[in-house]
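Novice: Next come the chains, spelled out residue by residue.
There are 4 protein chains.
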Amino acid sequence: MWYFDSDYLEGAHPEILRRLAETNLEQTPGYGEDEYSRSAKAKIRTACDCPAADIYFTVGGTQTNALVIDSLLHSYEGVVSARTGHVNAHESGAIEFTGHKVLPLPHCQGKISASDLSAYLAGFWKDENREHMVFPGMVYISHPTEYGTLYTKDELSALSDICRAYRIPLYLDGARLGYGLMSHHTDVTLPDIAKFCDVFYIGGTKVGALFGEAIVFTCQNTPAHFTALLKQHGALLAKGRILGLQFDTLFTDDLYFQISAHAIDMAELLKEMFIQKGYELFMDSPTNQQFIILENDFIEKLQNEVSFSYWEPLDDHRSVVRFATSWATATEQLDALEKLI
Amino acid sequence: MWYFDSDYLEGAHPEILRRLAETNLEQTPGYGEDEYSRSAKAKIRTACDCPAADIYFTVGGTQTNALVIDSLLHSYEGVVSARTGHVNAHESGAIEFTGHKVLPLPHCQGKISASDLSAYLAGFWKDENREHMVFPGMVYISHPTEYGTLYTKDELSALSDICRAYRIPLYLDGARLGYGLMSHHTDVTLPDIAKFCDVFYIGGTKVGALFGEAIVFTCQNTPAHFTALLKQHGALLAKGRILGLQFDTLFTDDLYFQISAHAIDMAELLKEMFIQKGYELFMDSPTNQQFIILENDFIEKLQNEVSFSYWEPLDDHRSVVRFATSWATATEQLDALEKLI
Amino acid sequence: MWYFDSDYLEGAHPEILRRLAETNLEQTPGYGEDEYSRSAKAKIRTACDCPAADIYFTVGGTQTNALVIDSLLHSYEGVVSARTGHVNAHESGAIEFTGHKVLPLPHCQGKISASDLSAYLAGFWKDENREHMVFPGMVYISHPTEYGTLYTKDELSALSDICRAYRIPLYLDGARLGYGLMSHHTDVTLPDIAKFCDVFYIGGTKVGALFGEAIVFTCQNTPAHFTALLKQHGALLAKGRILGLQFDTLFTDDLYFQISAHAIDMAELLKEMFIQKGYELFMDSPTNQQFIILENDFIEKLQNEVSFSYWEPLDDHRSVVRFATSWATATEQLDALEKLI
Amino acid sequence: MWYFDSDYLEGAHPEILRRLAETNLEQTPGYGEDEYSRSAKAKIRTACDCPAADIYFTVGGTQTNALVIDSLLHSYEGVVSARTGHVNAHESGAIEFTGHKVLPLPHCQGKISASDLSAYLAGFWKDENREHMVFPGMVYISHPTEYGTLYTKDELSALSDICRAYRIPLYLDGARLGYGLMSHHTDVTLPDIAKFCDVFYIGGTKVGALFGEAIVFTCQNTPAHFTALLKQHGALLAKGRILGLQFDTLFTDDLYFQISAHAIDMAELLKEMFIQKGYELFMDSPTNQQFIILENDFIEKLQNEVSFSYWEPLDDHRSVVRFATSWATATEQLDALEKLI
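Protein chains in written order, with the working numbering: chain V, 1 to 341; chain G, 1001 to 1341; chain C, 2001 to 2341; chain E, 3001 to 3341.
So that you can see chain V by itself, here it is in the shape it has in the complex (with noise of 0.2 Å):
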């Protein structure tokens, strides 16, 4: 069987493990106060081109939203996300169990506009019943989303504008950031989204670590107590160091960013092969998420040798499916699925 249903099925990048057992004895300090975990944070920042970076790891995405989310929103405050956002649909309602509302917004897969953004925030601050409402404390978007398409530069620019002008946090959500940086259909760098967020994650999880996420709030805008608040929602890992040094060989000789353009290598001939063999597109992805539309009777039969996603009826006889490519992708695999299609 071969496996496209996501991109983590499999363990770690080998450098990473190869680490881990190379300093496996070591005795450190614990909660993120070892050497590992400050060469990461100063890896990082070099790599976001923002050295006033604050950042911490944690274990997964889940987790890092409603941390971030709960930790910069008031009492009275939501979060604006597309209505397919992560947070909005597939988080077991992690935000609200912290008190907070997710103000859904309309979508284009996966993304929110600029002017929709713009018209709701200007229609809430004119509503005179608006002490009766949740407020707008923040946006949340992904990146690349959870279509896997990506906000080009200026969307982000425009995106920030707005939140700046309001006085309210942009928070980007990156999962899967990496192949969304190397993406062959983008104009946004990291030392972009670190310009034009106010938070946001890197995602290592669903990028060749075993786990672990880095939040990097940009602009000196930490929560007070951060720490005590990772060990409130239970995120504080014991030994830290262990995410530390994933990170810190993620980011070592840029291998965060090409095993990222390995899973975008594999997305791109994934996608050829699915167009030349005369399949359509659902949509044309620029990451490492392709959504292909199949036939029911064949999504059938193929689901004998292959796994992926089942995403959505298209009509009576035709569904998109999804199928992922990862870091840890091999062209073998794509030579077994090109049999089969």
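Note that these hints are calculated values from the structure, not bench results. Virtual Cβ for every residue (Gly too), placed ideally from N, Cα, C. Accuracy of the hints is not assured; some may be wrong.
What the hints assert, rightly or not - Straight-line alpha carbon distances no greater than 30 Å define the calculated DSSO-like cross-link-like pairs of lysine-lysine that follow:
no.: 1; chain 1: C; residue 1: Lys-2195; chain 2: C; residue 2: Lys-2043
no.: 2; chain 1: C; residue 1: Lys-2277; chain 2: C; residue 2: Lys-2301
no.: 3; chain 1: C; residue 1: Lys-2195; chain 2: C; residue 2: Lys-2153
no.: 4; chain 1: G; residue 1: Lys-1339; chain 2: G; residue 2: Lys-1301
no.: 5; chain 1: V; residue 1: Lys-271; chain 2: V; residue 2: Lys-301
no.: 6; chain 1: G; residue 1: Lys-1301; chain 2: E; residue 2: Lys-3126
no.: 7; chain 1: E; residue 1: Lys-3339; chain 2: E; residue 2: Lys-3271
no.: 8; chain 1: C; residue 1: Lys-2339; chain 2: C; residue 2: Lys-2301
no.: 9; chain 1: G; residue 1: Lys-1301; chain 2: G; residue 2: Lys-1277
no.: 10; chain 1: E; residue 1: Lys-3195; chain 2: E; residue 2: Lys-3153
no.: 11; chain 1: C; residue 1: Lys-2271; chain 2: C; residue 2: Lys-2301
no.: 12; chain 1: E; residue 1: Lys-3271; chain 2: E; residue 2: Lys-3153
no.: 13; chain 1: V; residue 1: Lys-153; chain 2: V; residue 2: Lys-195
no.: 14; chain 1: C; residue 1: Lys-2339; chain 2: C; residue 2: Lys-2277
no.: 15; chain 1: E; residue 1: Lys-3277; chain 2: E; residue 2: Lys-3301
no.: 16; chain 1: V; residue 1: Lys-126; chain 2: C; residue 2: Lys-2271
no.: 17; chain 1: G; residue 1: Lys-1043; chain 2: G; residue 2: Lys-1153
no.: 18; chain 1: V; residue 1: Lys-271; chain 2: C; residue 2: Lys-2126
no.: 19; chain 1: G; residue 1: Lys-1271; chain 2: E; residue 2: Lys-3126
no.: 20; chain 1: E; residue 1: Lys-3043; chain 2: E; residue 2: Lys-3195
no.: 21; chain 1: C; residue 1: Lys-2126; chain 2: V; residue 2: Lys-301
no.: 22; chain 1: E; residue 1: Lys-3301; chain 2: G; residue 2: Lys-1126
no.: 23; chain 1: G; residue 1: Lys-1126; chain 2: E; residue 2: Lys-3271
no.: 24; chain 1: V; residue 1: Lys-126; chain 2: C; residue 2: Lys-2301
As the list claims (entries may be wrong) - Quick partial rundown of chain G residues pointing at chain E, CB under 8 Å, derived from the structure:
no.: 25; residue: Tyr-1076
no.: 26; residue: Gly-1078
no.: 27; residue: His-1090
no.: 28; residue: Glu-1091
no.: 29; residue: Glu-1096
no.: 30; residue: Phe-1097
no.: 31; residue: Lys-1101
no.: 32; residue: His-1132
Given chain V, work out where chains G, C and E should sit, using these hints.
Specialist: Then chains G, C and E, alone, in the frame of chain V:
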């Protein structure tokens, strides 16, 4: 510098790293639906002699405590704990963050007594104003406690009887469970714990794993949709197999017990060493945390070459300090320490 | 100035004040354990034709919604509501504050349809990723809705059937229930509501009381220790008798229904008045809130002498405005208005 | 039967009912934006000698405590309180429900001491593990306390100094504030309280109102968007004028102080009566709650004709009971009691 600060200074037992490397490129489903997790659960069930146990893996202790306690309590209930319990004292209010009060009982070296518990519960249920109070909905104990002490089988049995009489679950925090089970001064086995407790967790983070805890629901009492609750609490690891694999390794060929026994042996040697040199124990701990009384001057001097925890002042010129051994403590560490004291 | 802004502009029906004065120096136990509360509950049970109903009094609507919803939902569940539902739009995030998501459905003039609800629930339970989503644990409707519209008996019955099929409670927000029951265009009675809903509240604040709402649990489904939950939510009134006495008065000699009928009569007159003068209705509301289309210029002029609510813009030069009548609306108010339009 | 159970057995001072009736059919805007609320606030500012005070009206005490504490604390903070404080003991966990821990201090007859507070805060800030603990973010005191005792001006001043040194607010729960201010044994005035506290509330429910409390923020420290927070907590009364009118009445011609003084006079008479008949006081309370030691046999007998509160057992055959007077206690009640003891 030699470190005796805690039992989570190193990485993981080498066998765990070996298996992580060995299985690294395998593709498995996420969120604990993999074969390694299944295998680990089966082995833990056997070790607990509790075939009906339902088991979930989480990343860390505070996360686990907040999740288990919040999931098992009703909104109007709190959790009874020793005043010194980790959930009351050192989790940054993670329990209250989920909406529940910790109801503190007096402690004796970290332990609560059946008589105090019984009096408290009886008093609560006799109080006519109890609808204006927080209902005791669960009892939390740690074993070993924060003072390294252990409940006897009789004590556990008595607490269990009281909880069952009041129909509230007894929850045991086993962050250092291995060190408790392998103590030279205990009559409590893992099956005993499974028998007396309604839910407990087997600590991995402090006992040989990179990280990870195994929650054991012993009596068909898993909260409905517990996976959703894990997700909501930010505690559902995407690559769940990493947890499964670690516990599978720890519960293969009794590794968990062997490495725990090693830590105990080292702790007993360390204690003996101090006694023989004429130092006074603050208390005679049966587990891997040893509490020694030292002159303040000597503490300062010793800290130049050895790292350990300051516990509390004793009198004007003496203090209590804590030395912790672990699965990774080497004989050479003790030898070095011996020369310095 | 004449006010048609809302139905909570005046104090209370004079009979309520009379009885408050009459009983003022009586000494009664607090927290709802008094004779007036008991009597009121008995009368409400009779009016609902639901002898087993369990009834509690609270102070206001948002408080009631948050309390009922939080008490009946599990942690992993949210409440389904029309996007325009009061709990979704105008309660400052009070539901999310208790940890629960509002799951929005499309609406038609404030109402949800059985087909939308059914499709949503079926879709949820077919989704294999549902453990990562918020479970629909309850359905919230308002009757009259925020648009003054009413469900028919068939519509209520259909929603009720769906809820019972999925074993989730149907909760009806009756902030303006009297005005719904006395509408000239309804076939729904109070016993119907008690029959179709698992829980609902009878609004007092907007229907003749100084304040107060009566929560009715219709089917032995009161959450355990509901008094403690009331207290925890800050919703337990010390002098509970003031609530009891008000509802006792409202449900003596059908006062609640009579004063509601008066508001409806006034609303029908008002509507007729506008129609006869050639104005266009935005919608033909069957209850005490009437939505009229006015020229923007005329709105500005009218506001100098009459106060009413701006609802929403219609086109470049016209807007929708809302006039509300109540139990206290006097004929002279309508006469005055008639001269101005 | 004569009742001395509490100070909220009757309705309201007749003058309040008179004004409610007098203004009943006036139309006013909701949510506290009315003239009566404005007038009441101005009078309270004058009474507090605090022209900059910002004032909000709420319905009840538990609601007020949860709202104020939650609004002023950061997520990582808890509130320091005497172990016997109402927020710690008798509010069904309403504080924890908002996510915050109550940090208990020892008490002496319900009061905390400056030295205990100071030692606690100093200890916290010296603890190197404090990021794993709950930060003391506020100090809660009640005045009168749950034992009817009062802080002296010096004691209040000392607590205030400590709070200001640590830059955390001092919050005073004045559920029975009138009875404290009118005590024959106090040197504390309302302006003193406004000077020493950052926020406090003036209790109406127990001092002549039907219900209602007045929150006073004394130093430009109202949380942003406090109206939204009121709404979110279910504490925003639709007909806010009913609160405004009650406090306007209480603070006209010193009514609040006069009726409080009456309760104190009655309490002193009652105390004297017991002393003269040879009974022993449990403590010499300076306010409207008197704690008397009675033989258990006599308690049972007395309860046939008088209702009062059982406080706690004293020894095998005696117990402490509480008699409360109020603004409404009549001389004939005391006469009747005198004949029975």
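Novice: Which of the numbered hints above does this structure break?
Specialist: Per hint list: zero violations.
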